[in-house]
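Visitor: These are the residues of each chain, in order.
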Amino acid sequence: MEGVIDPPLLARHRETNWSLAVAFVVMVAVFAIGPFVLYPVFLMKALCFALFACAFNLLIGYVGLISFGHAMFFGWASYVTAYAAKSWGWPPELAVLGGTATAAVLGIVAGSLAIRRQGIYFAMITLALAQMLYFFALQAKFTGGEDGIQGVPRGRLFGVFDLSNEMTMYLFILVVFLAGFLLIYRIINSPFGEVLKAIRENEQRAISLGYKTERYKLVAFVLSATLAGLAGSLNSLVFQLASLTDVHWSMSGDVVLMTLLGGLGTVFGPVVGAFLVIAMQNYLAPFGQWVLVIQGAIFVVCVLLFRRGIVGELAHLLRLPL
Amino acid sequence: MFQIFGIPSQALFGQLLLGLINGSFYALLSLGLAVIFGMLDIINFTHGAQYMMGAFAAYLLLQHLGIGYWEALVIAPIVIGLTGIVIERLFLKHLRSLDPLYGLLLTFGLGLVIEGLFRNYYGSSGLPYQVPEALQGGRNLGFMFLPNYRAWVIVLSLTVCLATWFAIERTRLGSYLRAATENPVLVRAFGINVPRMVTLTYGFGVGLAALAGVMAAPIYNVSPQMGSDLIIVVFAVVVIGGMGSIMGAILTGFALGIIEGLTKVFYPEASNTVIFVIMAIVLLVRPAGLFGRSV
Numbered sequence: 014m015e016g017v018i019d020p021p022l023l024a025r026h027r028e029t030n031w032s033l034a035v036a037f038v039v040m041v042a043v044f045a046i047g048p049f050v051l052y053p054v055f056l057m058k059a060l061c062f063a064l065f066a067c068a069f070n071l072l073i074g075y076v077g078l079i080s081f082g083h084a085m086f087f088g089w090a091s092y093v094t095a096y097a098a099k100s101w102g103w104p105p106e107l108a109v110l111g112g113t114a115t116a117a118v119l120g121i122v123a124g125s126l127a128i129r130r131q132g133i134y135f136a137m138i139t140l141a142l143a144q145m146l147y148f149f150a151l152q153a154k155f156t157g158g159e160d161g162i163q164g165v166p167r168g169r170l171f172g173v174f175d176l177s178n179e180m181t182m183y184l185f186i187l188v189v190f191l192a193g194f195l196l197i198y199r200i201i202n203s204p205f206g207e208v209l210k211a212i213r214e215n216e217q218r219a220i221s222l223g224y225k226t227e228r229y230k231l232v233a234f235v236l237s238a239t240l241a242g243l244a245g246s247l248n249s250l251v252f253q254l255a256s257l258t259d260v261h262w263s264m265s266g267d268v269v270l271m272t273l274l275g276g277l278g279t280v281f282g283p284v285v286g287a288f289l290v291i292a293m294q295n296y297l298a299p300f301g302q303w304v305l306v307i308q309g310a311i312f313v314v315c316v317l318l319f320r321r322g323i324v325g326e327l328a329h330l331l332r333l334p335l
Numbered sequence: 074m075f076q077i078f079g080i081p082s083q084a085l086f087g088q089l090l091l092g093l094i095n096g097s098f099y100a101l102l103s104l105g106l107a108v109i110f111g112m113l114d115i116i117n118f119t120h121g122a123q124y125m126m127g128a129f130a131a132y133l134l135l136q137h138l139g140i141g142y143w144e145a146l147v148i149a150p151i152v153i154g155l156t157g158i159v160i161e162r163l164f165l166k167h168l169r170s171l172d173p174l175y176g177l178l179l180t181f182g183l184g185l186v187i188e189g190l191f192r193n194y195y196g197s198s199g200l201p202y203q204v205p206e207a208l209q210g211g212r213n214l215g216f217m218f219l220p221n222y223r224a225w226v227i228v229l230s231l232t233v234c235l236a237t238w239f240a241i242e243r244t245r246l247g248s249y250l251r252a253a254t255e256n257p258v259l260v261r262a263f264g265i266n267v268p269r270m271v272t273l274t275y276g277f278g279v280g281l282a283a284l285a286g287v288m289a290a291p292i293y294n295v296s297p298q299m300g301s302d303l304i305i306v307v308f309a310v311v312v313i314g315g316m317g318s319i320m321g322a323i324l325t326g327f328a329l330g331i332i333e334g335l336t337k338v339f340y341p342e343a344s345n346t347v348i349f350v351i352m353a354i355v356l357l358v359r360p361a362g363l364f365g366r367s368v
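Top to bottom, those sequences are chains U and C.
Our numbering applies: residue 14 is where the first sequence begins, and numbers increase by one.
Our numbering applies: residue 74 is where the second sequence begins, and numbers increase by one.
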């Protein structure tokens with residue numbers, strides 16, 4: 014069976030790191046110029062989703078586990094951050110931390126259930142658990158039901174930086190995104206990451222080599238959930254809103270789409286995919302339900318023709334890791 | 074009127090009936106998923122959309138061609154099943170040699186396309202569909218009132234489920250099917266056209282979903298998103314039952330419908346989530362599912 018990623022690229026990974034460094038510099042440069050050209054709110058949203066997609070990619074791209082329930086981490090972290098900042102008056106750094114910690118705990122619970130089954134069952138279990146948490150969010154008092162939590166104050170970061178200033182907020186989001194991005198890169202290139210890739214390629218063999226693959230999968234799941242939660246927390250501060258959209262299954266579908274379009278198992282793919290999908294949702298919003306049709310069509314086209322995704326195809330063409 | 078556990082019997086049996094109705098749909102849909110999974114090794118994410126298409130087919134047949142419920146019960150599954158065959162030939166055929174997750178992604182995308190198209194043309198609000206004349210009204214059983222149409226849905230669903238079980242487990246064609254599930258290469262070597270069998274199996278599974286859709290049309294409103302929430306519950310049902318056994322899928326479907334109905338009586342707040350909670354418990358106790366082989 015053809016795996017998710019080109020094996021030759023993996024083998025070359027260690028030799029040529031300069032292409033990754035160049036791509037990283039280009040990415041940072043784009044983000045530095047970005048707010049002078051595009052709306053900061055659009056960029057901040059895209060950055061949040063880029064982090065979300067990178068976190069998701071950690072699981073599907075490097076462990077080969079497809080989660081269809083990542084909205085539960087994104088959405089619940091978003092709720093907790095919004096509630097802590099609004100009702101308890103927590104400063105933004107603590108509110109974000111609280112939201113992220115919630116996602117981590119959820120990740121431990123959902124992960125230890127989901128890794129009991131493999132393959133498509135894993136996808137169905139995560140989807141079902143996320144749907145359960147969607148109903149919890151719908152029924153719980155503190156989430157505000159259909160209204161969500163509105164008017165969340167952005168507050169002052171560390172009591173110093175006023176986040177109601179769009180530029181300050183943008184910088185905050187950018188710094189957190191880059192930190193998350195580099196952390197994920199570090200994880201996938203650590204000895205731990207190599208074991209994850211081994212599990213993806215051949216779990217039985219990894220087990221026979223003495224690795225407790227269940228533990229590795231759980232840790233990867235929790236890391237992915239935590240970072241997805243971080244993205245959700247930031248998103249709720251950007252829009253000063255946490256709502257049911259954030260926990261709905263379509264949000265889980267969106268992040269799958271972003272990662273698939275950008276390139277499963279590529280370093281920069283999820284970022285590119287997130288920007289494209291967010292831009293599409295923004296500009297096609299007036300066309301109503303066509304967005305859904307186009308998103309679905311992209312899924313179909315990607316699976317049939319561009320299984321490597323945009324960045325993956327580019328990397329394949331240039332014979333470089335990206 | 075008498076009471077059971079402090080609950081009026083009318084309410085209790087009413088919810089039990091509703092549970093059986095839901096269970097009928099869970100059983101039909103998870104059966105279709107299990108049949109498709111057995112042959113194609115993919116989990117058909119489009120299933121919810123195909124269920125919705127079945128309901129819409131019944132609605133459109135009535136609106137535009139004046140064709141009623143009874144004919145729709147036959148025509149809709151055939152037509153939607155044919156669209157399934159086209160989908161298999163056009164798309165799924167190419168995914169055979171790939172990681173099963175691609176089948177998941179592709180069928181998920183197809184589901185979005187279909188739902189989006191229907192929402193575009195018919196909006197998000199539900200469209201009414203009349204109960205056929207012959208099944209209007211109901212009868213008083215003494216302890217509860219039983220609407221005729223609901224009784225019909227349960228009987229029909231049970232009949233179709235058992236017939237499918239019989240066809241797969243007890244007939245010659247079914248034995249080919251089971252053999253091809255176990256070892257397609259060997260069955261092909263015996264001169265049986267396995268790819269055609271795969272295509273027809275997918276069409277059949279889709280037809281089952283469409284049949285469920287037609288049956289659901291008079292009970293729930295016909296709406297583009299009627300399938301997407303339901304299919305997530307059906308996925309949980311499939312995880313609980315395990316997809317290894319046809320009878321397992323049927324039994325789990327009905328049983329969970331009944332449990333959901335009872336939850337509505339005793340603890341309504343949990344009725345939306347009870348199936349997911351059961352799924353979590355089953356995963357803890359019997360990770361392979363109640364009827365499943367370990368996967």
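Everything labelled a hint here was simulated from the structure, so no lab data went into it.
Cβ atoms here follow ideal geometry from the backbone N, Cα and C, with glycine treated the same way.
Treat the hints with care, as some may be off.
[What the hints assert, rightly or not] Have a look at the derived ranges for each label pair, beta carbon to beta carbon:
| id | chain 1 | residue 1 | chain 2 | residue 2 | range |
| --- | --- | --- | --- | --- | --- |
| 1 | U | ASN215 | C | GLY247 | 44 to 50 Å |
| 2 | C | ALA240 | U | PHE148 | 33 to 39 Å |
| 3 | C | ALA236 | U | ARG228 | 55 to 61 Å |
| 4 | C | SER197 | U | PHE55 | 34 to 40 Å |
| 5 | C | LEU229 | U | SER203 | 55 to 61 Å |
| 6 | C | TYR195 | U | SER263 | 17 to 23 Å |
| 7 | U | VAL35 | C | GLY196 | 31 to 37 Å |
| 8 | C | TYR194 | U | VAL38 | 45 to 51 Å |
| 9 | U | GLN152 | C | LEU155 | 40 to 46 Å |
[What the hints assert, rightly or not] Here are a few chain C residues that sit away from chain U, every Cβ distance over 12 Å (derived from the structure):
| id | residue |
| --- | --- |
| 10 | VAL147 |
| 11 | GLY176 |
| 12 | SER197 |
| 13 | VAL204 |
| 14 | TRP225 |
| 15 | ALA236 |
| 16 | PHE263 |
| 17 | SER301 |
| 18 | ASN345 |
| 19 | ARG359 |
Visitor: Determine for every hint whether it applies to the structure shown.
Guide: Cross-check of the supplied hints:
ASN215 of chain U and GLY247 of chain C have their C-beta atoms about 34 Å apart, which leaves the hinted 44 to 50 Å range violated. At roughly 37 Å, the beta-carbon separation of ALA240 of chain C and PHE148 of chain U lies within the given 33 to 39 Å, and the hint holds. ALA236 of chain C and ARG228 of chain U have their C-beta atoms about 46 Å apart, which leaves the hinted 55 to 61 Å range violated. As the Cβ distance of SER197 of chain C to PHE55 of chain U is approximately 27 Å, the hint placing it in 34 to 40 Å is violated.
In this structure the hint that LEU229 of chain C and SER203 of chain U lie 55 to 61 Å apart at CB holds, the actual value being about 57 Å. Between TYR195 of chain C and SER263 of chain U the beta carbons are some 19 Å apart, a value that agrees with the proposed interval 17 to 23 Å. Evaluation of the 31 to 37 Å hint for VAL35 of chain U and GLY196 of chain C yields a failure: the beta carbon distance comes to about 49 Å. The given range of 45 to 51 Å is respected by TYR194 of chain C and VAL38 of chain U, whose C-beta atoms sit roughly 48 Å from each other.
Between GLN152 of chain U and LEU155 of chain C the C-beta distance comes to about 41 Å, which sits within the given range of 40 to 46 Å. Listed as outside the interface, VAL147 of chain C is consistent with that label: its C-beta sits roughly 29 Å from the nearest C-beta of chain U, beyond the 12 Å cut-off. Against chain U, the non-interface label of GLY176 of chain C is violated: not every CB pair exceeds 12 Å, the least being about 8 Å. Interface exclusion of SER197 of chain C from chain U breaks down, the closest Cβ pair being 9 Å apart, not more than 12 Å.
Distance check for VAL204 of chain C against chain U: the nearest CB is about 30 Å away, which clears 12 Å, and the non-interface claim stands. Chain U leaves TRP225 of chain C outside its interface by the beta-carbon criterion, the shortest separation being 30 Å against a cut-off of 12 Å. The claim that ALA236 of chain C is not at the interface with chain U holds, since no C-beta of that chain comes within 12 Å of its own (minimum 26 Å). Even its closest Cβ contact with chain U, about 25 Å, leaves PHE263 of chain C beyond 12 Å, as expected for a residue assigned away from the interface.
Remark: the non-interface label on SER301 of chain C conflicts with the geometry, its nearest Cβ contact in chain U lying 8 Å away (cut-off 12 Å). Under the 12 Å C-beta cut-off, the non-interface status given to ASN345 of chain C relative to chain U is violated; the minimum distance is some 4 Å. Not every beta carbon of chain U lies more than 12 Å from that of ARG359 of chain C, the smallest distance being close to 10 Å; the non-interface claim is violated.
The structure fails hints 1, 3, 4, 7, 11, 12, 17, 18 and 19 (numbered hints given earlier, in ascending order).
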